[in-house]
Amino acid sequence: MIEAMNAPDPELFVSLLARHERMLAAYVMTLVPHAADADDILQDAKVVMWRNFGQFRPGTNFGAWARKVAFHQVLSHRKRKQRDRLQFSDEFLETVAQEMENSAEHLEQHQRALNDCVAKLPPDHREVLQLRYHEGLSIDALAERLNRTVAALYRQLSRVRRNLHDCVTRTFKRSPSYGTD
Amino acid sequence: MEQIEEVFELCEQVLEGTLTPEGKERLEQLVRDNADARRAYVQYLQVHAGLHWSVGAQAEFSVAELEKMAGNNVVPLPTTATRERNSGIGWRIAALAASLVLTIGLIWLTQRGATPGASAAAEFARLAETKNCQWGPSGLPTEEGSRLGAGRLRLAEGLAVIVFDSGARVTLEAPAELELVSMQRCVLHQGMLVAKVPPAAIGFTVETATARLIDYGTEFGVSAGPAGETQVQVIEGIVDVQHIKSGAKERLTAGKNSRVSATLFAVSEPPAFEPQRANLRRPAEIAPGTVTITTASGRGKDAYVQTEPSDMHGSDVLLLVKNAKSDSYRRKAYLGFDLASLDTRRLREASLVLRMEPSGYGYASLTPVSTFTVYGLTDQSLDNWPEAGITWDNAPANLPGGAEVDLTKAVPVGSFEVPEGLSSGEFTVSGPALADFLRQDVNGLATFILVRETRETRPYSLVHGFISKRHPSGTPPTLRLVMER
Numbered sequence: 001m002i003e004a005m006n007a008p009d010p011e012l013f014v015s016l017l018a019r020h021e022r023m024l025a026a027y028v029m030t031l032v033p034h035a036a037d038a039d040d041i042l043q044d045a046k047v048v049m050w051r052n053f054g055q056f057r058p059g060t061n062f063g064a065w066a067r068k069v070a071f072h073q074v075l076s077h078r079k080r081k082q083r084d085r086l087q088f089s090d091e092f093l094e095t096v097a098q099e100m101e102n103s104a105e106h107l108e109q110h111q112r113a114l115n116d117c118v119a120k121l122p123p124d125h126r127e128v129l130q131l132r133y134h135e136g137l138s139i140d141a142l143a144e145r146l147n148r149t150v151a152a153l154y155r156q157l158s159r160v161r162r163n164l165h166d167c168v169t170r171t172f173k174r175s176p177s178y179g180t181d
Numbered sequence: 001m002e003q004i005e006e007v008f009e010l011c012e013q014v015l016e017g018t019l020t021p022e023g024k025e026r027l028e029q030l031v032r033d034n035a036d037a038r039r040a041y042v043q044y045l046q047v048h049a050g051l052h053w054s055v056g057a058q059a060e061f062s063v064a065e066l067e068k069m070a071g072n073n074v075v076p077l078p079t080t081a082t083r084e085r086n087s088g089i090g091w092r093i094a095a096l097a098a099s100l101v102l103t104i105g106l107i108w109l110t111q112r113g114a115t116p117g118a119s120a121a122a123e124f125a126r127l128a129e130t131k132n133c134q135w136g137p138s139g140l141p142t143e144e145g146s147r148l149g150a151g152r153l154r155l156a157e158g159l160a161v162i163v164f165d166s167g168a169r170v171t172l173e174a175p176a177e178l179e180l181v182s183m184q185r186c187v188l189h190q191g192m193l194v195a196k197v198p199p200a201a202i203g204f205t206v207e208t209a210t211a212r213l214i215d216y217g218t219e220f221g222v223s224a225g226p227a228g229e230t231q232v233q234v235i236e237g238i239v240d241v242q243h244i245k246s247g248a249k250e251r252l253t254a255g256k257n258s259r260v261s262a263t264l265f266a267v268s269e270p271p272a273f274e275p276q277r278a279n280l281r282r283p284a285e286i287a288p289g290t291v292t293i294t295t296a297s298g299r300g301k302d303a304y305v306q307t308e309p310s311d312m313h314g315s316d317v318l319l320l321v322k323n324a325k326s327d328s329y330r331r332k333a334y335l336g337f338d339l340a341s342l343d344t345r346r347l348r349e350a351s352l353v354l355r356m357e358p359s360g361y362g363y364a365s366l367t368p369v370s371t372f373t374v375y376g377l378t379d380q381s382l383d384n385w386p387e388a389g390i391t392w393d394n395a396p397a398n399l400p401g402g403a404e405v406d407l408t409k410a411v412p413v414g415s416f417e418v419p420e421g422l423s424s425g426e427f428t429v430s431g432p433a434l435a436d437f438l439r440q441d442v443n444g445l446a447t448f449i450l451v452r453e454t455r456e457t458r459p460y461s462l463v464h465g466f467i468s469k470r471h472p473s474g475t476p477p478t479l480r481l482v483m484e485r
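Going down the list, the sequences are from chains A and B.
For the first sequence, my numbering begins at 1 and goes up steadily by one.
For the second sequence, my numbering begins at 1 and goes up steadily by one.
Some clues are possibly wrong.
Claimed, not checked - For lysine to aspartate or glutamate, the following EDC-like pairs were computed, each having C-alpha atoms within a straight-line distance of at most 16 Å: (1) K24(B) with E91(A); (2) K24(B) with D9(A); (3) K173(A) with D36(B).
No wet-lab data here; the hints were simulated from the structure.
Note that this is a predicted model, so its numbers are computed, not measured.
Build the full structure now, drawing on both the sequences and the hints.
So this is what it looks like as structure tokens:
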């Protein structure tokens, strides 16, 4: 296949990253659910991956390598940013990371199944997701926009996410090779 | 199983930032001790992450940016990395490729075909074109080319073209307030617009306070007054008009019009009434200059004449001018100035200032750049035309054409252009021809005729309105004269 090169090959890097980016993003956010933090970490992780791409052996598992880099960034990000926000213990993060590593081959398919599950949602559910995730509205702003109570929106968002979770799990159980090419 | 439910609840608290320290302890314990709980946690968070990354984050990836950031923020790998600096041009190309791939995550956003526009994307339209635009306070960007999401546009001046992602194209005419709702829906709170809807955008809906217009691939104009009174003109194709209060629906085809208010729902056929809206008055401007004379000074007068005069399309305060295609609704303005107090032989320079404001008739977007010519009446025996009794037929030097004037009785003294999309503003005619004409005056009265040279090319074009001496606040036509001492 591809010979290991002395100088990192940008095209190879970009194509590998493109193929694994969605999985990697989901990986980071599962460890750090806070959106802005996850964005920062992912961005940092990409820089580090590029800087150290010379270490990566073409033909080996890029996804695993990328997750290792990203996990390290998660930990160092936590150390740098001493927040008042609740922080999970390192042990917890390692457990969660290990769980993802165990099911790594399915992570990508889960994300594809999610696409289809979202498409099946009724319009009002999609709208709530749009406003929450795309426009980044807070629950309060969302409540005001949709003229509903905050409590009702917590309930609805929670219900929508739960439905999606169940849908993804169901889809995946029925066809474990879901979405593979 | 109960524990799994508990995990889901705790997950929600994690996502919404409401997790308590006790909840955190409990969650950590569950995830550590129970394999099913662990799996449930990861899968639930994966849903959240997937939603964020597919709809939320701009996961745009630029290596140039990475390089820039790389200096400070980033903790390198703990291993023995050999640093390969790569300054690179190939990088930018590669970065582009990567950012393209990320659009995969957005697929479901465009998979909403079953109910288009049902869930509003953050941005669904583009401010494609702006002409002479001045904007009021607006939550949306007003720079040409900007992407637009839900919100209101307040256009104080000019023409703005908004192209929705559905393909519908809306030309908004100042003064107007338009609320964008989705790529298939907008609300005209006040003002006028012309909508052009390709087949792909069938179902595009414009709402006013009183009417809902559902388009079936067509071009139509709509105007909404401050109380929601609505007029619709179908230029081409089919539009369904629904009276919001009663729910009654009518199908309009090309050439048909509809008027809707809270209590009225009427459909008419040609002869079409001209689209109109409530007039907006502008504050007066104070005219500087050496000597100024308006049509309100002394024996001054102003009026406009119209073929087939009717009360319906008149104005008490504006001088209406239009070079209509048809015989009806042609209009010319007549201005009389009292020069008796002046020694016109000492006149050095002269200019005539006219102030235009929206007449409320016709669409500016259906009107090209318009040239106006001002004629001076040289047959001074005709200067005594009556302000109240002047008509198309008895007006001095008038000829039947929309812009024609009897050149044996009048001379052109100047012209000006009104840019496309402008329905208000100040226009000045000046130069030696104007001054020469005034110097010839022998009877202390000067008459000007204002005509629009540019002929209407499409129906429903704009009727230009110039502030008359009867206008409650605006400054009437004004002569600014510089005299020799």
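Quick rundown of the hints versus the structure:
no., hint, in the structure
1, K24(B) with E91(A), "holds (13 Å)"
2, K24(B) with D9(A), "violated (43 Å)"
3, K173(A) with D36(B), "holds (15 Å)"
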